[in-house]
Each structure stands twice: as structure tokens, then as C-alpha cells.
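Student: Each chain is listed here by its residues.
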Amino acid sequence: MATLPIRTSSVSRFTEVRRNATNHFVTGLAIVSTVIVLVPLVAILGYLLYKGFSSLNLAFFTHIPAPVGEPGGGMANAIAGSAVVLGLASLLGIPLGIGAGVYLAEYGRGRFFGSMVRFTADVLNGVPSIVMGIAAYALIVAKQQHFSALAGGVALAIMMVPTITRTTEEMLATVPHAIREAALGLGVPKWRTAISISLRTASPGIITGCMLAFARVAGETAPLLFTAFGNQFWSFNLSQPIAALPLQIYVYAISPYDEWHRLAWAGSLVLIVLIMVSVTLVRIFANRGALKGGS
Amino acid sequence: MGVGILVEDLNAWYGTTHTLQDINLHIPANHATALIGPSGCGKSTFVRCLNRMHETNPIARATGVVKMGEIDIYNDASPVEIRRRVGMVFQRPNPFPTMSIYDNVVSGLKLNGFRNRRILDETVERSLKQAALWEEVKDDLKKKSGASLSGGQQQRMCIARALAVDPEVLLMDEPASALDPVSTSKIEDLIFQLKSQYTIVIVTHNMQQAARVAENTGFFLNGKMVEFDSTHKIFTNPRDKRTEDYITGRFG
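These protein sequence lines are chains A and B, in that order. Heads up: the first sequence begins at 2 in my numbering, then just goes up one per residue. Heads up: the second sequence begins at 56 in my numbering, then just goes up one per residue.
By construction, these hints were calculated from the structure, which means they are not laboratory data. Hints are supplied without guarantee of correctness; some may be wrong.
Said to hold, decoys possible - Rough simulated footprint, nothing fancy, chain B against chain A, three-plus residues with beta-carbon under 8 Å:
1) 117 to 130
2) 214 to 227
Stated by the list, open to error - Lysine-lysine pairs mimicking DSSO-like chemistry, simulated, CA-CA at most 27 Å apart:
3) B:165 / B:184
4) B:241 / B:279
5) B:241 / A:191
6) B:165 / A:191
7) B:122 / B:184
8) B:241 / B:122
Glycine residues also receive a C-beta, built at the ideal position from the N, C-alpha and C atoms.
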């Protein structure tokens, strides 16, 4: 058996050193950028933990805000209010967003109406959140003559829709055409193929998109200022003003009282932890029942 | 039981490209019919016209008559009905990645609202046995994703999936071209067994494969069907000079 000739180096020693140096330089740049990005993130989280944790106590989760001048009090009503408003926003925003995304990916390709919807979604995505609040104010609050949890939920839902729509569309675009053909070839109608095959195959990415949209609006204050408005007391009535964590944090943070500042820190920490917990829970739930060896 | 297919003056277009021109052909029931020809000659378009998959592409259209038994598939039935009666196996295995082997096989039934557990179980076993995959996967039916199988197993699972809806015709668009020789020979054995119960149309680039599995062979070139005859005749004594050039490897 003939042996293969050993490849002799055709590049000079200098070139090799230069290539290695370039490689290290680029890798180094990537690492430095990552660190620069991480530093403020970790710093914020760390400071939040430091400031917020010391003010957390059981009363924070069980009591409503105390009147000015009285010590103690908590944000129980704001936590519940946030849950109500966010639940409402998700209930409205997620189905609408996914539906529009399915339309764009499965039916609206190359159609004028499709490009219009896509363009509108992109523009909406860039609209400042306070504008969404004004829109919900004009649509609901001005008509009903009072602030309400419903208006807050709608404002947040409008914010969620464009993100979810575009993520859904992009995730569906990554589903191979061959899989759709397989379903169509079995005599499965197109609508059923879109829902049971395309959407299901793309669901991990779509769930991530929904979670991102959720996490983003969970911390929004501006759209709630003149929709949900805030409430110092318990309320679960959708047609009444309702408290929300970001609103409560805002009010306490700009107040002149040290006690309230501490509560604002605690509220910020609770808000972030609640967002992390809900996102993680959805992920665990969504991954249940995944099969071995699936892609 | 399979049915015969009669094709009259079939023309097909992609946009302005006239991909199939005046195809006339009779495909006999319960036989395997091979379609050969160089890439881009229209064979795939042709089989896609037989189950109306062609028209899923918005720029594609077709004219002419395709009769499956007594049914004119373009006038007497919806595309969805036709595709339930005419199964298709594609060039690359295309399992549904989120589904188990079991769900892949009965996806055609389940996605059309069929829920009877006992019949689904029976269908899975029958189809996988027909596709010669039962022994290899029977212990992992609901545990493993269809996408976790090897390429050759995936393709046999796709055949089982097509058979599960009990079609009369099975279209196979280069079913073995993405597979290794061992898997290829398994697929060929399968075609050999299945053709007693189904009408099989197989597109292939592999002429030995056509010779091994099919009673009849059609040669396509540039959107036209140049010659259609018994496989033996096509490979030993073709009428047309172009067929001869192609099968002897002078072009294509």
C-alpha cells in the first residue's frame, strides 16, 4: 500500500504566527464584549438583591400599603393586581399574536395584506410604551369615564402582540417545507397542517417569544399610569382601577419617605423574581412530554 | 386494492415554465411503474400532479385529465380527498419531529380526527409490518421520536405512514436516493411486496432500481414523455434513440 505523502508546510512561520494572533485577538474581543455586557447586568441584580432583600418581610406579601406616616405595609395587592393585569394581557395578546403570526407565515406570504400586517407589527414594536397607554386610554378609559384593570390589560396586550406575531412568523419559517408537504400528502387539510404540524414543530421558539413578550410588559409602568392607574387597596374588579407592582414601585420610588424607598427596592426585587419564576415554570411545563431523540 | 390511473393531455406549469407537455399514459393497477429521466425532466412534477400536490405551490398550475379508476381527480374530488387515496413518499425522509414513532405512523388518521385506540393500535402494527419496520421499533413506539431513527428507518416509517391511511396508489419520488445501499435494498424489497396490493409509481434516478422493481417504465425528457413500455423492452430494445442514449449513459 502506498503511503500518502506528508503534507509539507506551504505557509511561512510568520504567516502562521499572524493567523494565530488574529484568532486570539478576535476570540479575546468576543470575551471582552461579553464581560462588558455582563457587568452592568450582574451589578444591577446584585444591588437589587442587596437593597431589596433587607426590606423584604412577610408583611410585604400579605399587607396592603400603609397610609403615609404609618410604618410597615406591603404590596400584596400590587402583586395580585400585576397577576390580574398580566393574565388578562396574556389571555388577549398571546392568541392574537400567534394567530397573526400563523397568518403571516402560512397564508400571507407574498400578499400585499401580509406585508402590511408585517410592517404594522414592526412599527408597533418600536412605538414607545407610553403611546400604547394613551391608545388604551383613548379606546377604553375615555369611553368608560374611569380607569380600569381592563384598560391596563389591553394596553399591555397591544404591546405583546407585535413581538409574538413576528417571533411566531419567524419560528414557523424555520419549519422545513418537507414536513408540511408530508402532512398535506396524507390528506390533512391546510388549516390542520398549520396548527398541528407547523405550529407544534415551532412551539419551543414560539413559547420563548411569548415569554419574552410577557417579561417585557411585566415591568412596564408607562402604559399602566393612566389605564390601570393603581390602587392602594385590594381590588379584583376588572372595571375598577387596580394596583400593579411597577406602578407601586414608581409611586414609592419618587416619594420623599425612606420607608417607601425601601419598599420600592423590595418591590423591584419581587418583580424580577416573579418574572424569572413564571418564565421558568412555563419552560418546565412546555418541556414536559418531550420525546427521546427529537430535534 | 390498487386502481389504475389514466392520464390524458396533462400539462403543467411553474409560473411561465411549461414543465409537463401533453403527457398521455396508462398506469396499470397493482403494478409498479418506474419513471426515469435526467434531473429537471418533469418526473417529479408528474407524480405531484397525480395527488394534486403540484397545486400547493401558488405559482403552479396544471390542465388535462387524470382518472383514478372512475374518478376524475381534478373535477370529481377535493385535493384533500385525493391525497388520502393517493399516498406519497418523498425523496428525503420527512418524519414529524415532535411526534413519537406511533404518532407519526397514524398521523394521517389522527390529524383527520380519528381517535379509536384499538384501530389505531392495529393500524400501527399492520403498517409498520408492511413497511418491514415493526421488529426494529416495536418496543419504542411511544417512547422515541420519529426523528431519532436512522435515515433508512425514517423512510420506512414514512412509507408506513403513507400506508396507514390505506391508499389505493402509492407515489414514491426517489424514495431511496438519500439512503445507503442496505436501506435502498430494503426499500426495493418492500416495493416488490407492496405492489400486489397497491398501484405504485416510483420516480428514480437509478436505472437498475427501475429494472429491479417495475413492470413498466416511462422515460421523461424536457417535460415530455418520450417512451413508455414494459421495463424489459425499455432497457433492452427501446424504440426511441433518446431513450437508448439515456439508458446507455450517453447523456443525462
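Student: Each hint: holds or not?
Tutor: Each hint tested on the structure:
no.: 1; hint: 117 to 130; in the structure: violated (count 0)
no.: 2; hint: 214 to 227; in the structure: violated (count 0)
no.: 3; hint: B:165 / B:184; in the structure: holds, 19 Å
no.: 4; hint: B:241 / B:279; in the structure: violated, 31 Å
no.: 5; hint: B:241 / A:191; in the structure: violated, 33 Å
no.: 6; hint: B:165 / A:191; in the structure: holds, 15 Å
no.: 7; hint: B:122 / B:184; in the structure: violated, 30 Å
no.: 8; hint: B:241 / B:122; in the structure: violated, 31 Å
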